[in-house]
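Enquirer: Sequence:
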Amino acid sequence: MCDIQKMFHQFHVVEADRNFLRFLWWKQGDLNSQPSEFRMKVHLFGAASSPGCANYGMKHLAKENRDIYTQGSRFVMRDFYVDDGLASVENTEDAIQLAGEARELCAMGGLRLHKFVSNDRKVLESIPPSERATNVKDMDLAFDDLPLERALGIQWDVECVRFRLNVSLKEQPTTRRGILSTVASLYDPLGFVAPVVLKAKIILQEMCRRGTGWDDPLTDELRPKWEQWRSDLAHLDNFTISRTYSPAGFGRVSKTELHHFSDASMKGYGQCSYLRLQNEEGDIHCALVVGKSRVSPTKVTTIPRLELTAAVVSVKISNMLKEELGCINSEEFFWTDSKVVLGYIRNEAR
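Residue 252 in numbering that gives the first Met the number 0 is what sits at position 253 of the sequence shown, and the numbering runs on without skipping anything.
Honestly, I wouldn't trust all of these hints.
[Claimed, not checked] Within a straight-line C-alpha distance of at most 35 Å, the following computed DSBU-like cross-link-like pairs (lysine-lysine) qualify:
hint: 1; residue 1: 58; residue 2: 121
hint: 2; residue 1: 58; residue 2: 169
hint: 3; residue 1: 298; residue 2: 315
hint: 4; residue 1: 62; residue 2: 254
hint: 5; residue 1: 298; residue 2: 224
hint: 6; residue 1: 224; residue 2: 266
hint: 7; residue 1: 198; residue 2: 62
hint: 8; residue 1: 198; residue 2: 291
hint: 9; residue 1: 224; residue 2: 200
hint: 10; residue 1: 121; residue 2: 198
hint: 11; residue 1: 62; residue 2: 315
hint: 12; residue 1: 321; residue 2: 121
hint: 13; residue 1: 121; residue 2: 5
hint: 14; residue 1: 338; residue 2: 298
hint: 15; residue 1: 198; residue 2: 266
hint: 16; residue 1: 321; residue 2: 200
hint: 17; residue 1: 338; residue 2: 254
hint: 18; residue 1: 26; residue 2: 40
hint: 19; residue 1: 121; residue 2: 200
hint: 20; residue 1: 254; residue 2: 321
hint: 21; residue 1: 62; residue 2: 26
To be clear, the hints were calculated from the coordinates, so they are not data collected in a lab.
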């Protein structure tokens, strides 16, 4: 994992467009004096255009030099989220080469790639201390335990190679507004705890169905359910999930399958996708890849129709995973316990 230093400020704004970035400046903060007028020459944090322009510049740099830095170019093109780059490779040698190519490629465009973190100590040793993340910059890599890092909002236990969730939620009033804020602040992009979040969404939907105002308190009927949900969140502090899909020492994977399960009820529907790996010795390992949960629509819908909706979500997730994981040639299986849904899918008449 790495980061581009002051990414937006590394890309200049075309002179004709700088009038859109004018600002007033009071010398020494004296608001009684006449302000000076300036224009930003670089993209700034907070402008809606900055991420798009900076990403375009980065990808242009990668395309121009892809023949020189093959791995580094692919990394910049595929594995960056704004200024954060995250990638996983099969072995230490590939990781060292990737980090070196990425640094050299970015340097050609005047970009500094720094704050490097890796779960492999040899990879960290190959990177100058000044370019490592603050937590590992002054570490003795031979003895010290690697730290807990944040990777796009999720905690990454680098030493144990596991992900953890941050569930330290702020106290909010037990109103519709406060409950929405609490549910939205539980950041879980891969749906590791989708069933847990679904329970809170059902409570929120019930408040909406009853016409509860934004600042109206919870009813006596829903309050115990909400308080139980809040108290149960403490158990998520002990919840971890492996960062790697295959365990250490699993060996070379000879066969890859994606399995998608979908289901529905009157309260909600969802799906989860698993990666099934088989090595050359015939050993099999399954790993959760992603999960999705959604509340059922307030409009009355039949169970078969909801089951079909969940199956559609599985197909959308499948398309996303094949692109992101590069499993174009892997065999796929879609599972549902509804024979009506299978009839819908096979029906070519409508």
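Enquirer: If you test the structure against every hint from before, which numbers come out violated?
Expert: When the structure is compared with the hints, numbers 2, 7, 10, 19, 21 turn out to be violated.
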